[in-house]
Amino acid sequence: MQALQVLIGGVAQGCIYGLIALGFVLIYKATETVSFAQGDLMMLGAFLGLALLSAWGLPFWIVVPSVILAMAVFGILLERVVISPILGQPAFSIVMLTVGIGYLARGVITMIPNIGTETHALEVPYRGALVQFSGLVIAVEQLVVIAVTALLCGGLYLLFRRSKVGIAMQAASQNQLAAYYMGIPVKRLNGLVWGLASAVAAIAGLLLAPITFVHANMGLIGLKAFPAAVVGGFGSLPGAIVGGLLIGVVEALAGFYLPEGFKDVTPYVVVLLMLMLKPNGLFGQQLRKKV
Amino acid sequence: MRFIFKQSYDQDIDLAKHGGQHFWYGLLLLLLLVAPWLADDYWLAQLTFVLIYGIVGLGLMVLAGFTGLFSLGHAAFLGVGAYTQAVLAAKGWPFPLSMAMAALLSAAVGAVVGLPALRVKGVYLGIATLSFGFIVEEVLARWESVTGGNAGKMVGQLQAFGWTVDSSEGFYLVCLVLTIAATLAVLNLLRSTTGRAFVAIRDSEISAQSMGIHLAYYKTLSFALSAALAGLGGALYAHKIRFLSPDQFNILQSVDLLLMVVIGGLGSVHGAFLGAIFLITMPQLISLFKDYLPAAIGQAPGLQAAVYGLVLILFVLFEPMGLYGRWLKARTWLQLFPFYRRGLFKRQKAFQKSDRLK
Numbered sequence: 001m002q003a004l005q006v007l008i009g010g011v012a013q014g015c016i017y018g019l020i021a022l023g024f025v026l027i028y029k030a031t032e033t034v035s036f037a038q039g040d041l042m043m044l045g046a047f048l049g050l051a052l053l054s055a056w057g058l059p060f061w062i063v064v065p066s067v068i069l070a071m072a073v074f075g076i077l078l079e080r081v082v083i084s085p086i087l088g089q090p091a092f093s094i095v096m097l098t099v100g101i102g103y104l105a106r107g108v109i110t111m112i113p114n115i116g117t118e119t120h121a122l123e124v125p126y127r128g129a130l131v132q133f134s135g136l137v138i139a140v141e142q143l144v145v146i147a148v149t150a151l152l153c154g155g156l157y158l159l160f161r162r163s164k165v166g167i168a169m170q171a172a173s174q175n176q177l178a179a180y181y182m183g184i185p186v187k188r189l190n191g192l193v194w195g196l197a198s199a200v201a202a203i204a205g206l207l208l209a210p211i212t213f214v215h216a217n218m219g220l221i222g223l224k225a226f227p228a229a230v231v232g233g234f235g236s237l238p239g240a241i242v243g244g245l246l247i248g249v250v251e252a253l254a255g256f257y258l259p260e261g262f263k264d265v266t267p268y269v270v271v272l273l274m275l276m277l278k279p280n281g282l283f284g285q286q287l288r289k290k291v
Numbered sequence: 292m293r294f295i296f297k298q299s300y301d302q303d304i305d306l307a308k309h310g311g312q313h314f315w316y317g318l319l320l321l322l323l324l325v326a327p328w329l330a331d332d333y334w335l336a337q338l339t340f341v342l343i344y345g346i347v348g349l350g351l352m353v354l355a356g357f358t359g360l361f362s363l364g365h366a367a368f369l370g371v372g373a374y375t376q377a378v379l380a381a382k383g384w385p386f387p388l389s390m391a392m393a394a395l396l397s398a399a400v401g402a403v404v405g406l407p408a409l410r411v412k413g414v415y416l417g418i419a420t421l422s423f424g425f426i427v428e429e430v431l432a433r434w435e436s437v438t439g440g441n442a443g444k445m446v447g448q449l450q451a452f453g454w455t456v457d458s459s460e461g462f463y464l465v466c467l468v469l470t471i472a473a474t475l476a477v478l479n480l481l482r483s484t485t486g487r488a489f490v491a492i493r494d495s496e497i498s499a500q501s502m503g504i505h506l507a508y509y510k511t512l513s514f515a516l517s518a519a520l521a522g523l524g525g526a527l528y529a530h531k532i533r534f535l536s537p538d539q540f541n542i543l544q545s546v547d548l549l550l551m552v553v554i555g556g557l558g559s560v561h562g563a564f565l566g567a568i569f570l571i572t573m574p575q576l577i578s579l580f581k582d583y584l585p586a587a588i589g590q591a592p593g594l595q596a597a598v599y600g601l602v603l604i605l606f607v608l609f610e611p612m613g614l615y616g617r618w619l620k621a622r623t624w625l626q627l628f629p630f631y632r633r634g635l636f637k638r639q640k641a642f643q644k645s646d647r648l649k
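Protein chains in written order, with the numbering used here: chain V, 1 to 291; chain S, 292 to 649.
It should be emphasised that the hints constitute simulated quantities derived from the structure, not laboratory data.
Where a beta carbon is used, it is the ideal one built from N, C-alpha and C, also for glycine.
The hints are all genuine.
Short, incomplete list of chain S residues facing chain V, as computed with Cβ under 8 Å:
| no. | residue |
| --- | --- |
| 1 | Val-414 |
| 2 | Ile-426 |
| 3 | Ile-542 |
| 4 | Leu-594 |
Based on the provided sequences and hints, a complete structural model is requested.
Rendered as C-alpha cells:
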C-alpha cells in the first residue's frame, strides 16, 4: 500500500518533469535548439502566479489563465528579441544564450527585495487537502497535477492533429525550408512555439508550486527534465511525457527502496544507460545523415 | 601594416609569427615573473586564480573550442583532480607526483565519459556530461571515508621532498610554471597532427571521417586531454582554496567554466585566459560599482547572476568570438587604419548543421 502511494507521488512528480520536457521537445522540434531556460521560465510563471494571487489578491480562476497568457506572450517576445537574431548559428551559441537567459531570470528574481530570497507557498484553493481512497491517502495537489497533465496532453494532441497551426508546426519542424516554400510563415511559427513552450512551463510552475515551494532556484528542477526528454527520445512529444513519468517513478522508487543519496542520482544513471544502449530514446526515430 | 615574408616552411607553424610577438609575450612573461614583488597579497591571490582557471579553461577550450564537443560537467573533472590531490597530499606524496596522478585519474575518467560521445553528439552529449557531473558530485558527497562528504575536507600545503611551499609567492610561481607548461603543450598539440584532427572534427565530422580521421580515437583523446588539464587545474585549486566541499563542483561551476570559454572566445588559446580574467575580476568589478548603484539594486544578492547572464546574452548576440574576437577586431582596425571595413569579420549566415535528417 505504501509502495502504491510512493508510486502515485512519483507519477505526479513525473508529470512535472514531463511538462518541462514537453517544452524542450517543442522548441527542439521547431527550431532544433535546446532551451536551458525552460526551468527558469517555469520559475517565472510560478512567481507571477504568486504575485497575482498573494500580493494582488485576485481570485484563483482569474490568476491561472492570466499567468499562462502572460507567459505565452513573454515567450513570443523572448523569441523575437533574443533568439531569432541568431537562428542559423551553431546550436552551441543558442544553448549558451538560453543559459544566459536562465541566469538573468534567476538573478533578477533574486534581486527583488524581501521576495526573491525567500521561499513562498502558493495559496491555491486545494492546498493541503487529502483524499482517502480505500486506505490510500493521496494529496489533492498530486491528483490535480496528474489530471491537468492528462488534459493538456489531450489538448496538444488535438492541436497538432486537427488544427491548421499545429499541422503547420509539424511541417516546419520536419523541414523548415520546404515548409517555407509551401507558404508557411516559419518565423512566426517559431515565435508561437516559444509562446506555447512558455505557456506549458507556466502551467508546470503553477502545478509544482503547491507541492514544493516557490523560490528562485526552483527552475533547477528543469535539469531533471533533460533525462526525461532524452529517455523519451528528444524529438517526440508523447515521448517527453512517458519519459517524464518513467523518470519520476524511478526516482520515487529509488528514494523508497535504496539508501539515501540514490534518489537524486537515479534519473542521471537512467539517462546515461539510455544513451549507451539506445541513444535515440524510446520513441525517437532512427535517422542517419546522408552525405 | 605588417608584411611577413615567409622564407621557410617552418615559419608556417612557428609559435611566434614575428618579432613583435616575441617582444610582447616576452614582456608579459617578465611581468608575470616579477608580479609577486609588484602586486600585494590580494591581487596576487586573484592572479593565481586566473592562472588556475586558465589551465582549466585551456582544457575546456581543447574540447569545446577545438574539437567542438561541449561538456556541461567539466566541474566534475575539476573535482576529481582536486580530491585526488587532497587525498594524496595528505598521504605525503610529493606534489609533482600527486599532481600527475590527479591529471591521470581525471584523464581516465574523461576517457570513460568520452565513450558515450562516440555514439551521441550535440545536445545528447551535453546531457550525458551533465548527468555525469551530477553523479560525480553525489559520489563526492557520499563517499565520506575518502572525501569527507558534505562536511568538507581540509587540504594541506604544497610539499615535495622536504620542501614546503608555504608562501603565496611560492605557490604563485608553481602555478605560473605549470600554466606556461600547459599553454605550450596545448599550443604544440594544436599544430600537430592530433590538433589538426581535432579542428577537422569540429568543422565537419563527416569530412574528417572521410579524410581518414578515426573519430572514436580522437574524440576520446580530446576528452581525456581536456579532463587531464581540468584535473591539474583542480589539484592547484585544492591547494589554493585549502578547503574542498562537493558543492564547489556542482552544475553552476560547470556552467561558469563554459561561460568562461564562451566569453573569452571559443577556438582561441588566448580566449581561455581572457575568459579566466573575466571570471575572476567580474565579481570584483561588481562589488566595486555596487556602491554607486541605488541600494535596492546594488545590495541585492542576485546581482552577480543577473550581470553574468546579461553579459553572456550580449556576447552571444553581438560578439560570438568573445573577448579575443573583440581584440582581433581592434588590432585589425589599427593595422589597416584607415582601410578597415565593417564587414571584415561579419559572421556568415549558414544553414544550420542539423542533428537530424533534413
